[in-house]
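As you go down the protein sequences, you meet chains C and A in turn.
Sequence positions in the first sequence follow the working numbering and run 1 to 658.
Sequence positions in the second sequence follow the working numbering and run 1 to 188.
Hints may contain errors.
Unchecked claim - Partial list, computed: chain C residues near chain A (C-beta under 7 Å): (1) Leu-136; (2) Ser-140; (3) Leu-280; (4) Ala-322; (5) Leu-323; (6) Val-325; (7) Ala-333; (8) Gly-336; (9) Leu-373; (10) Ile-376; (11) Gly-377; (12) Thr-576; (13) Gly-593; (14) Glu-594.
If you're looking for bench data, these hints aren't it; they were derived computationally from the structure.
Where a beta carbon is used, it is the ideal one built from N, C-alpha and C, also for glycine.
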Amino acid sequence: MNMLPEFGQISLACAACLALAAAVTGLGGNGARGELLRRSTVSMVVGQFVFSTVAFAILVTAFVNDDFSVEYVANNSNSLLPWYYKISAAWGGHEGSFLLWIVIMTLWMVAVVVRRQNYPQRFANRVLGILSLLNLGFLSFAFFTSNPFTRLIPMTPADGADLNPLLQDFGLIVHPPLLYVGYVGLAVPFAFAVAALLENRLDAAWSRWSRPWTNVAWAALTLGIALGSWWAYYELGWGGWWFWDPVENASFMPWLAATALIHSLAVTEKRGTFKSWTLLLAIAAFSLSLLGAFIVRSGVLTSVHAFAVDPERGSYILAFLALVVGGSLTLYALRGGGVRAAVGYQLMSREFFMLINNVILVVSLAVVLWGTLAPIGYEVLTGSRISIGVPFFNMFFVPLMLALAAAVSLVPVLNWKRTRWAAIKPAFAYALPLAVVGGGLTLYFTEPRLVMVALALMLAAWIVVTHANDIWKRVRARSSMPLSYAGMTIAHLGFAMSVIGVAVTSTQSIEADRRMAPGDQTELGTAAVQFVGMQQVRGPNYVADQGNFIVTPAGGSPYSLKPEKRRYLARGSIMTEAAINPGFMSDTYISLGEPLGDGAWAVRLHFKPLVRWVWLGCLLMALGGVMAVADKRYRRLRARQDAQVREVHESAAGQVST
Amino acid sequence: MSRLSLFVPLGVFVLILVVGWFGFSLDDRRQMPSALIDKPFPEFAAPSLYDQARTVTRADILGRPTLVNVWATWCTTCKAEHAELMRIAERTDVQLVGVNYKDDVAKAQRWLADFGDPYDMVVVDPDGVLGVELGVTGAPETFLLDGEGKILYKRVADVNRRIWRDELAPRLARLGIVEKDLPEQGGR
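Could you build all of it, start to finish, from the sequences and the hints given here?
See below:
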């Protein structure tokens, strides 16, 4: 009999033991004879990584070998599943995806180990201790409430129940891992913030150390969210790309906090202000990603994404949340006060605009938090349920994001501390009129013409003009452009691109529901669509009715689109597979509704202008975030003499006191 | 003032935690037996989804074991639940009756066309009148009735694989309804 799953369980237990030990040595082993303990912390962190990875590899092996004696495999896989979905099914359910979460957590911890020479030893040790403590919480959660290795013996089923067909898709292969890299990555700046509070060293150095970690985690989160949105767009068959679903909100809240954190960290590093606020954001960003985990995995809110409800899991995560967030916020309340700096700045300064940025992002965050939690609160108070819908979020988000766009457009002309009017003037005197004209001209092509769309187009154009002008000036003056600055510029252009995409696609799309029989012709905007006929096709684990449509755009060459109505064999569930002709300027999207008899079908046709811009903008934002990390400044952190010297003093002081 | 303000985030968090805790403990309520358990399913008359002129009454759904599922297109959990209902419909002889709750008829029809129709019949309850009779607090909710219309079990929230295995399947087995082992179509 195959004993591998039992070894997986043992590996998890080993990782948990190492996490406990590393938490103790990391947080406690800073005394006089700390050197040995410090080195052991490092090796125990690596050990957590090795054991977690082994456990995960064993789970994947169980999936590949169709070991249906493992309950989790039996519930989430099927022998008919293609091999690549068998692998990705390992993170298709609650237990396995949490194991992936742990593996990614240990990867981040190993990354901190690799870069530990850049930080004072005591500080790095504390960070590793805090991360191990968090990982201990994750590991015990997996071990006690969500064990992926539970067996179904002797009731082993002959075949598995299959992976949810919605998840049998390329999107699922990459979306969760990327999202988790982002969620869990926020644990690193969190650990840095808590370590800084514990060590009482709330200086600019702390924020400089945090910045690369925050950027990478944020970039991964950005990509993960964009991928999820893209996946929903082509897989759910409704042509929508954002639903304000509680689980989407759960990923959006840490993103908003992390975006605010990136900006606030910049101010703290460069100018030494916002210190207390930055600490709070670092704590908040990770806390929100834990809150997201609670929302998704406890069953307190249900959605398409929700995992199986289990009260035990909910109470565990809630207790963990109370300890981690409550503990760190208490520490913040006690220690965070002494860090106020009296550095002045004027209204027209980068500091002030960063403040505006932070206020807007935090207000947005509050809106999403309210919209997500209010239904629960309402249920607690009145016992009945309400649903806060899309209009609520849009009502707040449209003006908030427009205000943010206006703030972003002035960034290239603003200096730290104060900016002379002469420097700002061109942004208003030349760039703004240019943007208004440009945006106004584009508006001419929109239908319906809306004030908000016009504003969005103008503001996005303003961002593009001021940033492009900035690049042009730098190129002409042959002045160097640090990678971090280039990264910021690209991220801001990405933001403008997303704003344009969202504004245009959400107002200018054409949607038509038609009854069509083979041979019928209809119109979608300016394109002619002909329904040629239906045929039966077979996939590896489904059968499908496939429609054949010929789309002829006005003045373009015809192409065919083949949407499917699939019936998955193992669960008998029906899935709509939309057919999309993607384009930079617009998508044409056809999905099948119900058969109406006599060979006729209800057909849903969409014309989606600029929908790709929403995700391409996110791609640019993430690219900008990663570029900033590659800046020389962060690579040269090593060998910072002053940090080393301080370290020596500190350990000397430690010796005296112990 | 300045020192106290540092405690504000902690206060906000505690508030969220309290809401989360209570919201979470509501889950227990989902497990609580309803006052209707072992009582007869109430009399009702409601129009059919596909033919609004036709009225379905309690007598129409009696005669064999039945699952009455309250659902709506605005309910995201219902979407998550749908695949399991499809599976139950395919693999068992239990009668599935849908109550389309506080919903739009056109949307409901479109939903069933898109995702498949597991129900033997669907009645509409646009104003939630039938819902009040049944003590429905939201969607989805599912009632298990025997052939005489007595309510044996009520599930608030989604019917998933676990609920099927632990709650519904054993009760249905006692009524003589077992899960068929369907041959895999297309074979392996």
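Tested hints:
1. Evaluation of the Leu-136(C) hint against chain A yields a violated restraint, the C-beta minimum of about 21 Å exceeding 7 Å.
2. Look at Ser-140(C): its Cβ only gets to about 19 Å from chain A, farther than 7 Å, so that hint breaks.
3. Because the beta carbon of Leu-280(C) sits about 6 Å from the nearest beta carbon in chain A, less than 7 Å, this interface hint is met.
4. Look at Ala-322(C): its Cβ gets to within about 6 Å of chain A, closer than 7 Å, so that hint holds up.
5. Given hint, Leu-323(C) at the interface with chain A, is violated; its Cβ is 11 Å from that chain's nearest Cβ, farther than 7 Å.
6. Because the closest C-beta pair between Val-325(C) and chain A is about 6 Å apart, less than 7 Å, the hint holds.
7. The interface hint given for Ala-333(C) holds, since its Cβ lies 4 Å from the closest Cβ of chain A, which is under the 7 Å cut-off.
8. For Gly-336(C), the shortest C-beta to C-beta distance to chain A is roughly 6 Å, which falls under 7 Å, so the interface hint holds.
9. Interface restraint check: Leu-373(C) against chain A, minimum CB-CB distance 6 Å, threshold 7 Å, status holds.
10. Interface restraint check for Ile-376(C): the shortest CB-CB distance to chain A comes to about 3 Å, inside 7 Å, so the restraint holds.
11. The criterion of a C-beta within 7 Å of any C-beta in chain A is met by Gly-377(C), whose closest approach is roughly 5 Å, and the hint holds.
12. Proximity of Thr-576(C) to chain A holds as hinted, the smallest CB-CB distance being about 6 Å (cut-off 7 Å).
13. Taking 7 Å as the C-beta cut-off, the interface hint given for Gly-593(C) holds, the closest approach to chain A being about 5 Å.
14. Because the closest C-beta pair between Glu-594(C) and chain A is about 3 Å apart, less than 7 Å, the hint holds.
Checked against the numbered hints above, the structure breaks hints 1, 2 and 5 and satisfies the rest.
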